[in-house]
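Number of protein chains: 2
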Amino acid sequence: MPDYDHPASDDLTLLGVLRGLADPIRLEIVQHLGKVPEASCAALLGDRPRSSMSHHFQVLRDSGLLHTRIQGVQHFNSLRKEDLDRRFPGLMDAVLAE
Amino acid sequence: MPDYDHPASDDLTLLGVLRGLADPIRLEIVQHLGKVPEASCAALLGDRPRSSMSHHFQVLRDSGLLHTRIQGVQHFNSLRKEDLDRRFPGLMDAVLAE
Numbered sequence: 001m002p003d004y005d006h007p008a009s010d011d012l013t014l015l016g017v018l019r020g021l022a023d024p025i026r027l028e029i030v031q032h033l034g035k036v037p038e039a040s041c042a043a044l045l046g047d048r049p050r051s052s053m054s055h056h057f058q059v060l061r062d063s064g065l066l067h068t069r070i071q072g073v074q075h076f077n078s079l080r081k082e083d084l085d086r087r088f089p090g091l092m093d094a095v096l097a098e
Numbered sequence: 001m002p003d004y005d006h007p008a009s010d011d012l013t014l015l016g017v018l019r020g021l022a023d024p025i026r027l028e029i030v031q032h033l034g035k036v037p038e039a040s041c042a043a044l045l046g047d048r049p050r051s052s053m054s055h056h057f058q059v060l061r062d063s064g065l066l067h068t069r070i071q072g073v074q075h076f077n078s079l080r081k082e083d084l085d086r087r088f089p090g091l092m093d094a095v096l097a098e
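Chains A and B are the protein sequences, given in the same order.
Under the UniProt record's numbering, think of the first position of the first sequence as 1, with each following residue one higher.
Under the UniProt record's numbering, think of the first position of the second sequence as 1, with each following residue one higher.
Think of the hints as simulated: they come from the structure by calculation, not from any bench.
Be a bit skeptical, because a hint or two may be false.
Some chain B residues well away from chain A (every beta-carbon gap over 10 angstroms; in silico) [claimed, not checked]:
{"#": "1", "residue": "5"}
{"#": "2", "residue": "6"}
{"#": "3", "residue": "9"}
{"#": "4", "residue": "11"}
{"#": "5", "residue": "34"}
{"#": "6", "residue": "38"}
{"#": "7", "residue": "45"}
{"#": "8", "residue": "47"}
{"#": "9", "residue": "52"}
{"#": "10", "residue": "55"}
{"#": "11", "residue": "56"}
{"#": "12", "residue": "61"}
{"#": "13", "residue": "71"}
{"#": "14", "residue": "75"}
{"#": "15", "residue": "78"}
{"#": "16", "residue": "89"}
Computed from the model, here is a short list of chain A residues facing chain B with C-beta under 8 angstroms [stated by the list, open to error]:
{"#": "17", "residue": "15"}
{"#": "18", "residue": "21"}
{"#": "19", "residue": "24"}
{"#": "20", "residue": "27"}
{"#": "21", "residue": "34"}
{"#": "22", "residue": "91"}
{"#": "23", "residue": "93"}
{"#": "24", "residue": "98"}
All C-beta atoms in this analysis are idealised placements derived from N, C-alpha and C, irrespective of residue type, glycine included.
Model the full structure from these sequences, guided by the hints.
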């Protein structure tokens, strides 16, 4: 399976990031990832249907919030905190403080 | 005309505020209001249709981002920066820095 595309940090937009965050499931994933170095999709799925979740992961990747690393058949997700902090200082700290 | 309802600052939610911000027109209004004490609806409308804008103003009020003060036939809008700063420290500074 090929790697996912991730936008370059210079291409992130505030509006895109805010849209990525503006959903209860995606916000929960982001806040979960704020507490761990990375998490498998399975760990983040909980008991939610996989079909709807793959859309949320895609939105999170496209907005620059999340990086997905593929290792074998497992997908490991991490928050792009450094990139986000550089582009939008203070934003993620405010979001993760909740 | 009666005053608008505005949610109490303790009732604001991070998700609600993020949803309020996650639209290009609403984000522009918020960033405009970050630079001025208040602005009339007319000043914020630009050349956009009034009909679609009243929805955006309502979303901004409901999410706790915006306060509308009625004076005669004019509506004056301001950012609820103090309330937002108290509830979500650093969030609005990050949004307004863009």
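Checked hints:
1. 5: Label holds. Min Cβ-Cβ 22 angstroms, cutoff 10 angstroms.
2. 6: 21 angstroms, holds
3. 9: With a cut-off of 10 angstroms, residue 9/B remains clear of chain A, as the shortest Cβ separation is near 15 angstroms.
4. 11: Correct as stated: the minimum Cβ-Cβ distance to chain A is 15 angstroms, above 10 angstroms.
5. 34: Residue 34/B is indeed farther than 10 angstroms from all Cβ atoms of chain A, at 13 angstroms.
6. 38: Fine: 23 angstroms to the nearest Cβ keeps residue 38/B off the interface.
7. 45: Non-interface label stands for residue 45/B: nearest chain A Cβ at 20 angstroms, farther than 10 angstroms.
8. 47: It holds; residue 47/B is separated from chain A by about 21 angstroms at its closest Cβ, greater than 10 angstroms.
9. 52: 18 angstroms, holds
10. 55: 16 angstroms, holds
11. 56: Non-interface label on residue 56/B holds, nearest chain A Cβ at 14 angstroms vs cutoff 10 angstroms.
12. 61: Holds, because the least Cβ-Cβ distance between residue 61/B and chain A comes to about 17 angstroms, which exceeds 10 angstroms.
13. 71: 31 angstroms, holds
14. 75: Given a closest Cβ separation of 25 angstroms, the condition holds.
15. 78: Its Cβ never comes within 10 angstroms of chain A, the nearest being 21 angstroms, so this holds.
16. 89: Check fails; 6 angstroms does not lie beyond 10 angstroms.
17. 15: 6 angstroms, holds
18. 21: 5 angstroms, holds
19. 24: 6 angstroms, holds
20. 27: 6 angstroms, holds
21. 34: Violated - the Cβ of residue 34/A stays beyond 8 angstroms from chain B, reaching only about 13 angstroms at its closest.
22. 91: With a minimum Cβ separation of about 4 angstroms from chain B (threshold 8 angstroms), the hint on residue 91/A holds.
23. 93: Residue 93/A check passes; min Cβ-Cβ to chain B is 6 angstroms, inside 8 angstroms.
24. 98: With a closest approach of 5 angstroms, the residue 98/A hint holds.
In summary, the numbered hints that this structure violates are 16, 21.
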